[in-house]
Amino acid sequence: MNALDYLQFVLAPQVVNGLALGVAVVLVALGLTIIFGMLDVINMSHGEFYAIGAYAALALGAAGISFWFLLVLVPVLMVPLGMAAERLLIRPVFDSRDRHVTTLLVTFGLALVVEDLLKVAFGPNTQRPPTPIPGAIELAGIIVPNYRLFLIVVGAAIVTGVAYVVYRTRLGAMVRAAAFDRNMAASLGVPVALVYAGTFAFGVALAGLAGVLLAPIYSVFPTMGRDFILLAFTVVIVGGMGSIWGAVVAGLLLTQVQALASLVISPVWTDPIVFGTMVAFLVFRPQGLFGRLGHA
Amino acid sequence: MRDRLTLSMRASHLLALIFVAAALALAAIGAASGDTFYLRLGTEALIFAGLALSVDLLLGYSGALSLGQALYFGIGAYVSALTLLKVPSFWLAMAAAGGVTLVASILGGLIANRVRGVYFALITFGLAQVVAKVVYNTRELGASDGMIGIPVIEIGFGPVSVSAGNPVGFFLIVLAIIMGLYGLTAYLLDTPFGRVLTALKANEKRVPFLGYSVWRARMFSYVLAGLIAGLSGALYPMLRGFVSPELMFFATSGNAVISVILGGVGTLIGAIYGSVLLVVLKSIIGSWTEHHLIVIGLIFMICVMFLPKGLVGFIRPRIEERLLAGAREPAAPSFTSAQLEPGSAKP
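Line order of the protein sequences matches chains A and B.
The numbering used here puts the first residue of the first sequence at 1, with every later residue one more than the last.
The numbering used here puts the first residue of the second sequence at 1, with every later residue one more than the last.
Read the hints as simulated data drawn from the structure, not as lab findings.
You may find that some hints are simply not true.
Which residues of chain B face chain A? A partial, calculated answer using Cβ under 10 Å [to be verified]: (1) PHE250; (2) VAL304; (3) PRO308.
The following residues of chain A were derived to be distant from chain B, with all beta-carbon distances above 10 Å [to be verified]: (4) ASN125; (5) PHE180; (6) GLY198; (7) TRP269.
For each label pair, taking beta carbons as the anchor points, the in silico distance ranges come out as [as the list claims (entries may be wrong)]: (8) A:VAL264 with B:PRO159: 55 to 63 Å; (9) B:PRO151 with A:ILE143: 53 to 61 Å; (10) A:SER187 with B:LEU307: 50 to 58 Å.
The C-beta atom is built at its ideal place from N, Cα and C for all residues, glycine as well.
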């Protein structure tokens, strides 16, 4: 096989698949990083909210609701869920002395409960909704499944939209102000409690949206959140906790490392490489590639 | 003035004595009725109590939440299993497991202690995941199946020897080892070094101004915790005859954290009570539904939010009052022990 063929039939498809996975990871990590940057809360149940979104898409899709409507409906349904979780679980312990550890533990408990509830409701088996856009197209000699292409485009649009809202609008300025100095923001008229609840719910809704988008590719099963959240945490840490651009860069970079490394070594060894990168980053640059939300 | 921390520790020791008495009673009943199942279950609970003890040493005293303590537990279990497959000697297996976890926890500590707070939690999580995945994919270590066929050993104490296959005998040996680890930890925490750890949790920034090295204290507690986890893990293959990568997975570390929260953070004996409580809860709930995690997760959340000092944190102040009254020294009303105890989550 000559070099050009290798490029076209081995390397390029791997890069495209890596890109689709990268966009998927960034979508999950986006909500995680916003919640951390804003509320200083490590949401250990983020993966379970992602799973709830995927199951909601599966159940409602089976009830005959079209995929395109679900893309809007599921995130909207996730908002009250996120609001309730914030009000009932995060708010009561938010001012405890060790907020990081306490909120991490509470959301860890929530993750245990939700995962088992999903098992009760939907059974332990893996399910997969039909692909909304079947078929594949050829781009510059590379065959790309249509849905993956759609995912890459939509994912890029969502990330850009979120970044625009956070960094360029008045609402985003309020969010960043509340993250930077809660008391100062409150005295300037920012409804801090509402902003906190809203941000948490927004992060949860993003997780749900990621669930809807990724279910046709990565299947739906009760522990899906746990498997994905590891990668998402890695991305958030490497990118810098709370940084949107950091999550994007780290997400795309790490998944490319994973995709390309699996060409050279056995795919089972790519996970240690990815987590090894996270450990190395935590050791040498704990603040990650970029700074925190509201601090840059 | 009486030292409140010593008093708390003494109350913990009283609870430890009650625990040992209950365990001995269970062993006697088990021996009389010829039971195997409950004694083996109790032994397993004790082994995981050792892991929980190491999590409490980190979380309750130096304030560092480890989400990957199962790493050292798993390393201890694998080293012990590998040793037993070559030479069926209890003491050699324990020494090898202790030695390897000592080295591993020094390495892990050098990495993890560069960061603190939530980053510490995530780095310990990441370290355990990396090693677990490597073990999971290494054929020489049995890959995803783990290693089976570990021989039942004779544990010799000079002239007498006890078989690890004897439920009562092995239960008592594990009880002695775990309570020994508890006693060692409690002793070390009552030394000036232990007070540095408590100070670290209370206010890390002030500790260096008092002339103590924060890094050294954190490192020492991390290595000690790793060693405790490793020695507990070394007992696992002797009980079950196999090891599997699940021993290093997050579920194992998570169970230890749940045990500590249920039992009471920063009480040491709470970790041991919590571990037993978790096993009891799992078997009771498991008898009418396989989805026990819903109930355990809910209890865990309620504990974190409303009972941050856990079961022992709820009981222990009452024992302290008794101890104080016994010493005929009236307690100053404005000076409650809750303010001084390590592991307090309330400001």
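Here's how the hints hold up against the structure:
1. Because the smallest distance between the Cβ of PHE250 of chain B and any Cβ of chain A comes to about 8 Å, under 10 Å, the interface hint for this residue holds.
2. Hint status for VAL304 of chain B: holds, given a least beta-carbon distance of 5 Å to chain A, under 10 Å.
3. Taking 10 Å as the C-beta cut-off, the interface hint given for PRO308 of chain B holds, the closest approach to chain A being about 8 Å.
4. A cut-off of 10 Å between C-beta atoms confirms that ASN125 of chain A is not in contact with chain B; the least separation is 15 Å.
5. Here PHE180 of chain A stays apart from chain B, with its beta-carbon at least about 18 Å from theirs, past the 10 Å limit.
6. At the 10 Å boundary, the C-beta of GLY198 of chain A stays outside the reach of chain B, the nearest C-beta of that chain being 22 Å off.
7. With a least beta-carbon separation of about 7 Å from chain B, TRP269 of chain A fails to lie farther than 10 Å from that chain, contradicting its non-interface assignment.
8. For VAL264 of chain A and PRO159 of chain B, the hinted distance range of 55 to 63 Å is satisfied, since their beta carbons lie about 59 Å from each other.
9. At roughly 55 Å, the beta-carbon separation of PRO151 of chain B and ILE143 of chain A lies within the given 53 to 61 Å, and the hint holds.
10. A beta carbon spacing of about 35 Å between SER187 of chain A and LEU307 of chain B contradicts the range 50 to 58 Å that was offered as a hint.
Checked against the numbered hints above, the structure breaks hints 7, 10 and satisfies the rest.
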